[in-house]
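To get this note's numbering, take the position in the sequence shown, counting from 1, and add 1086.
To be clear, the hints were calculated from the coordinates, so they are not data collected in a lab.
As the structure is a computational prediction, the values presented were derived from the model and not from experiment.
Just so you know, not all the hints are guaranteed correct.
[Said to hold, decoys possible] Taking CB as the label site, the calculated pair distances span:
hint, residue 1, residue 2, range
1, Ser-1214, Thr-1123, 27 to 35 angstroms
2, Ser-1178, Arg-1250, 20 to 28 angstroms
3, Met-1184, Gly-1157, 36 to 44 angstroms
Ideal placement from N, C-alpha and C gives every residue a C-beta, glycine not left out.
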Amino acid sequence: MRHQLALHPQSRAEAIEKVEIEAALIGSSLTLRYIATGATPALKVAKLSAPNRVDGLWRTTCFEAFVAAEGTDAYYEFNFSPSTEWAAYRFSAYREGMTAAAEAGEPDIQTRLNARRLDLQAQISLRSLTALPWDADFRLAVAAVIEEASGALSYWALAHPPGRADFHHPDGFIFHLTREK
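Please work from the sequences and hints to get the whole structure.
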């Protein structure tokens, strides 16, 4: 099922009309598909490169997923660039204990771009995420940072807490996933 992300109330988006997410958990594999619709030539989109772990992807167009197990404070943050660069971090609680998640394997990222749509699909294995109990159901916060050619950034998420954009906030973890058999 496809869910629409909301533009943060303090953001403006001139080029993008909507951002949507599809997610599926089958076995240990989480597949996320982000679809940004609008005037994509007016966006800053990193050129395709070799998949590498890179910090700071959130400073430009990227798609994000925050993964937690039901009943836990610990969570992982994943950043996916249209270039296929990526990052993964582990947190012990809300914005606490951040470390690079060395245990997270390289995601499979596929990007398609045309004049009306930027489509990024990322597949990650959750089995290696040692801070999360494997037998639990999962909750996600999903988000996107979209940079326009002008340099303006817009922030998109399923849910925004009051105040400035904060994709880590516990109130954003509203997407619940149960493992499909």
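Outcome of the hint check:
no.	hint	verdict
1	Ser-1214 x Thr-1123: 27 to 35 angstroms	holds, 33 angstroms
2	Ser-1178 x Arg-1250: 20 to 28 angstroms	holds, 23 angstroms
3	Met-1184 x Gly-1157: 36 to 44 angstroms	violated, 21 angstroms
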